[in-house]
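Using the hints, position chain G against chain L.
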Amino acid sequence: MTGVRPRRVPLGGCDCYLLALEDQMLRAGQGRHVGVTFLETGAGFSLQHLTRAAEQFAASHPLLGARLKRGLPGTIPRWITGAPANIEVCGHPENTDPHTLAESLLAGHWNGFLRFDFVPAAERTIILMSWSHLFFDARGVEMTLAEIAGLAAAPNSPPPPLRESWGAYAPTIKGLTHKFFAVRPFTDRYYELKRSHAAVIAPPPATLGRSKFRLLHFTADETAQINENARHTTGGIFLMPHFLAVVMRAHAAVFASRGDAPRPLQCAISAQVRKRGAKDPIFQNQISQLFFTLTPNEMKSLPHAALALQDQFMTMTKKKTDIAFLVMANWMRRLPAFAYRRFIRRTAGSHTSFYHAHTGAFLPNTSVFCDAPILNGWHIPAVSQPPGTGAFFSEKNGRLTMSFSWREGSVTPAETDLIFNRIRTDLLDANDAVS
Amino acid sequence: MNRPHTPLPSDLEVALATLIGENLFDPAEPVTAHTDLFERGLDSMGIMQLAILLEEKWGAAISPEDFTEEHFKTPAALAAFMRQRAETPQ
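Chains as they are written, first to last, in our numbering: chain L, 1 to 435; chain G, 436 to 525.
Pulled out of the complex, with its shape left as it was, chain L reads as follows (with noise of 0.2 angstroms):
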């Protein structure tokens, strides 16, 4: 890398979206806002194999040794790329508890963007990738992983060129007027949803605490179940509304447990904005976000629940409320930090009650991770507080795994007891669930 000119890669709406939220967190004492992915492999896992793909792959990717220059009030936040960064690789002994280490790296108190752990043991060996979401968003955190599983597959290949797998795409329109227009159905939601005052489980200021998880994993006949049901639910092929209906009513039944009178939920999805099956790029967060509510009457039945988030999801498309947000968070990432700091407090409490994302099919075409075959994998990313939850779903070999992250203190263990048995009962008895 010696001799290579620095680059400047300036960060995409979504990633100043992300800063300011990780300064927030930063400034509320949660920690930077990072996330941790689990690989459960079988037997054959190689230590020499990982360690000599992550330097190939830090050595490829001068991104990942980058520093943040903010510059002067106005002008837009960037990386400035420098050295290889030093992927860490840690090992810890057999009998270390794999979730106890996932909490402590969802703390986030180490160094760089990326780093492995790893709890060997000889039938089933533990891989741990923590990861900055400055960074990566879930699709890219896959693309990491199988790039690095491809190097370790091919030991004896020469290192991989340099790569510049960045650039976060945004809507080309020009002129003041046409963006104004272009930026109107995003403003129209957000003033919409922002009057409604959603119920969030922990609004400032609440006990700041840890960040935790809990997993809910499903077989694979529970799994083909589920997906029947939510294709049955939706009356097709969408299984976003339905999943996010189950989350969104779970947390209305620790609302009414706690006695609190009916409010409407809202929670932002995440839409890809990568093609389907793209190789690139893997840095920065390329998505684009839609917005979604329910009011206590909607969230009775399932199934009407579900019905109603895909009219809204049809509305939104229809209306490219998704593209809308990406002009809108272009234009944004000139905002001054303190500003980009006092959206991010007005809105995070109110238009957002809980995180959600199923992101599908994990790590679909990769099967073997430095000589062990993959047996399964999930993503937990830490949650800010407010609103202080999240539901996280993925698939493997065709077992659903759902991660539920909060921060200490903003759920009981009965209230989270309440929401796994809830989200485990809509999933699987879909079209019987009214409450």
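Derived from the structure by calculation, the hints contain no laboratory data.
A few of these clues could be false.
Taking lysine-lysine pairs in the BS3-like style, the calculated list, with each CA pair at most 30 angstroms apart, reads [claimed, not checked]: (1) L:K318 <-> G:K508; (2) G:K508 <-> L:K174; (3) G:K508 <-> L:K279; (4) L:K179 <-> L:K320; (5) L:K194 <-> L:K279.
For chain G alone, kept in the frame of chain L given last:
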């Protein structure tokens, strides 16, 4: 689905494969008339975007009950469905 406003081309399968390939999938792997779109990763957002494309290009508005796996599985299946609706008197 309503009847399309614009006449459908004779090679609708190919036109759909091109439209879908250019707008929804990575161009490195072309979409053909018989590509299984769900195996290639067509998701909820993609189906919705495809429905908008059909409406913009041919005026074919898809009704909620027509969003089925059978109709959207391949460009050829979608073309057959669109032709059937185009021939149905309203």
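Evaluation of the provided hints:
| no. | hint | result |
| --- | --- | --- |
| 1 | L:K318 <-> G:K508 | holds (22 angstroms) |
| 2 | G:K508 <-> L:K174 | violated (37 angstroms) |
| 3 | G:K508 <-> L:K279 | holds (23 angstroms) |
| 4 | L:K179 <-> L:K320 | holds (13 angstroms) |
| 5 | L:K194 <-> L:K279 | violated (37 angstroms) |
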